[in-house]
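S.K.: Starting from the known structure of chain X, fit chains G, V and D onto it as the hints suggest.
Read off the chains here:
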Amino acid sequence: MADAPEHAPRAAAPSGPTEPAPPADAAIPAFVTSLQDNVAGSVAQLSLYLGDWTVIVPASHLVQAAQYLRDAADCAFDYLSDLTATDWPPRAEARFDVLYMLYSTRHRHRVRVKVKVAEDQPLASVTGVWPAANWLEREVFDMFGVNFTGHPDRRRILMPEDWQGHPQRKDYPLEGPGELLMENPIDWLKLRQSRDEADIE
Amino acid sequence: MAEAIAFYTLAAFILGFAVLVVTTKDTVHSVLFLVLDFLFVAALYVLLNAPFLAVIQVLVYAGGIVVLYLFVVMLVNLKRPPEAHQDPHRLSKLGFGLAGAVLIELGAILMSGYLKAPPAAAATPAVLPVVGNTEQVGWLLYTRYLIPFEIASMLLLVAMIGAIVLAKREL
Amino acid sequence: MIEQFVIPTLKILIVLNATLVGVSYMTLLERKVIAWAQSRLGPMRVGPSGVLQPIADAVKLLLKEDITPTKADRWVFTAAPVISMVPALIVYAVIPFGPVVRLFGRDVSLYITDINVGLLYIVSVASVGVYGIILAGYASNSKFPLLASLRASAQLISYEVAVTLTLVSVILMSGTLSMVGIVNAQYNAHVWFAFVQPVAFVIFFIGSLAETNRAPFDLPEAEQELTGGFHTEYSGMRFALFFLAEYANIIVVSSVATTLFFGGWLRPFPHVAALHFLDLIPSWTWFLLKSFVFLYIFIWVRATLPRYRYDQLMRLGWKVLIPLAIANLVLTGIVKVMLL
Amino acid sequence: MTYLPPETIHGAMFDTSELVINMGPQHPSTHGVLRVVLRLDGEKVVDADVVIGYLHRGIEKLSENRNWTQIILLTDRMDYVAAATSNVGYCETVEKLLQIEVPRRAKYLRTVLMELQRIASHCLWVGTHAMDIGAMTVFLYAFRERELILDLFEEFCGARLTYNSMRIGGLPQDIPPGWDKKVLAFCDVMDGKLDEYETLLTHNRIWLERTKGVGVIHGAEATALGLCGPALRGSGVARDVRKDEPYAAYDEMDFDVPVGMAGDTYDRYLVRMEEFRQSLRIIRQATAGLPEGPIVGKVPRLIKPAAGETYHAIESPKGELGYFIVSDGKSTNPYRFRVRPPSFCNLQALPRLVRGHMVADVVALIGSIDIVLGEVDR
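So the protein sequences, as listed, match chains X, G, V and D.
For what it's worth, numbering that gives the first Met the number 0 labels the leading residue of the first sequence as 0, then goes sequentially.
For what it's worth, numbering that gives the first Met the number 0 labels the leading residue of the second sequence as 0, then goes sequentially.
For what it's worth, numbering that gives the first Met the number 0 labels the leading residue of the third sequence as 0, then goes sequentially.
For what it's worth, numbering that gives the first Met the number 0 labels the leading residue of the fourth sequence as 0, then goes sequentially.
Mixed in with the good hints, there may be bad ones.
[Claimed, not checked] Here are the simulated lysine to any residue pairs, SDA-like style, with alpha carbons at most 20 Å apart:
no., chain 1, residue 1, chain 2, residue 2
1, V, Lys142, D, Gly41
2, D, Lys95, X, Val110
3, V, Lys142, D, Gln25
[Unchecked claim] Beta-carbon label-pair distances, calculated as ranges:
no., chain 1, residue 1, chain 2, residue 2, range
4, G, Ser152, V, Leu338, 24 to 30 Å
5, D, Phe142, V, Phe4, 55 to 61 Å
6, V, His189, G, Leu19, 53 to 59 Å
7, D, Ala184, V, Ile296, 35 to 41 Å
[What the hints assert, rightly or not] Okay, the calculated bits of chain V under chain D, using three or more residues with CB under 8 Å as the criterion:
no., region
8, 34–45
9, 139–146
10, 210–218
11, 305–316
These aren't lab readings, by the way, just hints derived from the structure by calculation.
In this text, a Cβ means the ideal position worked out from N, Cα and C, and glycines have one as well.
The shape of chain X in the complex, shown without the other chains (with noise of 0.2 Å):
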């Protein structure tokens, strides 16, 4: 949102999640081991916290370490339950995290996928691997403007096509589009169409 109004960042924002590394007593469960022994390179970290395990997979690997966690017979994450993102925006080299919420309904055990990419590093699309993800990466795109790639229908789903900005980022002020909207909508529309009139020229 370029032309939003600035708003103050927050007070010491964080700059991360906490991703506590598994204490050293954990058994660390079979699907991770296995993703690690055939993916070469795609489990950067591993992280244990209230028993849910995550997994950061590098985004170069993601398409693959996806695969295989859904096709191996020891992983069968055949369902993914949730796709979203978060926004951490003073880690400049890896702003969002993009997270994978995955099931297996054979095994019934959970993983969390972790990838982190930057504003406008290309991610690609798991909608091949989960047909599920379609509607969840458009959300995602649409709310913090996660470019993904090789996506069968990238539009924006919640908000109008034409929205400018992406309402999840931490950045996007609360308000909205700023105070005019608020205050004084028909001066907003004369200025969107404006600004509207000035792209046309």
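M.R.: Below, chains G, V and D without anything else, positioned relative to chain X:
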């Protein structure tokens, strides 16, 4: 006297609507005028003491066939590309020719009817074994005009099968 | 003079007004019966137990703004409700509410006219009523009404075939097309035709549900699918005309069913002397009572059944009802010839 | 005259154009402000595009700017026909982040409330679904019973729709005296009413014709498309968060997870009808075995979970309702608040389901996947 007035009024309406059918630009309006035309023709039948024919006229033509016309007219996209009618008069000669032929034919029939004495005995049997308009129509259809009647029904059947074959893309 | 003009005019006025009042109260009946079926009360505010509701509705609809969509076909849009209302009303000309009775020292027939093609007249007039629906959908210049009117025309034409075929079976039984003649034929046959032509009756009933756009065949006005169906774009009195036409048609088919299959104005067992006390009740009461039962069943069906889908409706019409009706007709013909 | 192959002739003579119609956002059976753009060939749906977002209120963004307790109120506004379930899902996620134990009595009561809510939600579903297919009476019958549940909720927390009926760590207040008796009495009433609905629908010929074989989706495809809840179970996948990842008091309850076989609208219908009965079974068990004790656990005065992130899912009436919450450990509001809305994920399958069916089936299928637009758009 009253009958004559009624006849001429009806005839005027029939002709007027017939002209409107061919002159109206909007196809749906044209079909509607056709329906009105049929209704007035039915009224003419009533005037001729033929209620059965009148009712059948409404049922078959106004209520059945023209509905299908309307259906087709509404469904088919009539806004053809301009090249489809470059020359709106390209068939006018043929049209005039056909109209002339029909006119001559009609004239010939009328003339022959007027010239010759009406063959009263041949046109209708002097006494039909049934009374009532409906019964008489039925009797004539199944005795005198049996063969034309059956041929017509065969024709309709063939047309129906043909339409199904044409419309159904894969059988 | 009186015989020729005054009495028919009076009769027409009475029937017309009675019909319009009956139709508007039919809407109240429907709302009430469905409400009771659904454990509700229905209209309760206007008049005691809501009996004045139809009048309030009529006033409301008359006062409402009459909207014509900008891109509508203005003339056709205006004509369509009239086209559907008029046939629904003129059908009443041949419906016999009772036999010839002595009234004020005169022989008065309790029907407007008895033409010898009465049944065909009803069928043909009803077939013209289809135009109202088709044209409404077309003239609105809107997609949902168009879709609905296409559904409607296909549905009405298809079911008309089945219904007309069942009527032919009845004509075979009675040997006449006159409505009065058909009732008299049932009197002479000592039996209502519903009992000798049960298949025809069932097909007729299903067909009339479809022809009057009633549940479970109310696809042309399926509001869950097509918003409002063919009258989506209509408002005010024009909308009311469609509404009234539909209910007038329901009353017509109920009357026709009564006349053709349930002995019209005849009391039950007209030949049984032991039941002579039933003659105290006037004949037209029997007619109204029987018709009322049909009206009730129409409403009852609506409260109970889900709706058919378009292709299922067509399949039912063409692959079940029409072959059955033809088989029934042929069978009736054979039996008739064998017995004679 | 040149010879034309038959295909060309057909193309020329019966050239039909596709009709594009806009179902919604104002349409009687899109259950809110859903807009479906249908491409039709006659009455057949060639393709459908689902347009959502008309009810988008930014609940996720809002929640990131409210404190932990205030969010409960926002979760009410998502699936507003099953608000208590959304409340529980959120509270349990925060409890997981705070690592506090909820007393057993609260767990049991939550279970009762959630199952009542499931029945209420399914009542609304069966009513509107039947209404969409034309059976209008079921709608009013189902609403009559839903009313009883709303009365129970009103007695418990004072509200009838958006309850705000949970607190982090337990419940806001204990049940009023005699409430459990009323719940049991309701269960007995509901048993008979379910038979009433089934009389009107389950073996009705028209109902069968309208629902059997409509929108068939098989288990593997349904899983891949992310369908959840009864929509997934109708395709034969026995996935129920209550059984697989038990929360509240479900691990102590005895109940079955009904699954369908064919994966069509009818099986989804049967699954939900059976879920009614299973819910009643759970309510009876939970109410009868209601333990005594406190209703709130040891919750800190200032709710401020340690930094960390977690995902927690529960089984809402619509399917898997998941919350992904990130706490930064410093502020009194979540750093990231994400809801995994089951309706959203189910709605995604709609274009796939309606393709090749008739217009009338579109409304049947919208009803069959049971969506609430408040939750789809958030």
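S.K.: Next, verify each hint and record whether it holds.
M.R.: Status of the hints after comparison with the structure:
no. : hint                              : verdict
1   : V:Lys142 <-> D:Gly41              : 12 Å, holds
2   : D:Lys95 <-> X:Val110              : 17 Å, holds
3   : V:Lys142 <-> D:Gln25              : 14 Å, holds
4   : G:Ser152 <-> V:Leu338: 24 to 30 Å : 27 Å, holds
5   : D:Phe142 <-> V:Phe4: 55 to 61 Å   : 57 Å, holds
6   : V:His189 <-> G:Leu19: 53 to 59 Å  : 54 Å, holds
7   : D:Ala184 <-> V:Ile296: 35 to 41 Å : 37 Å, holds
8   : 34–45                             : holds (count 4)
9   : 139–146                           : holds (count 3)
10  : 210–218                           : holds (count 4)
11  : 305–316                           : holds (count 7)
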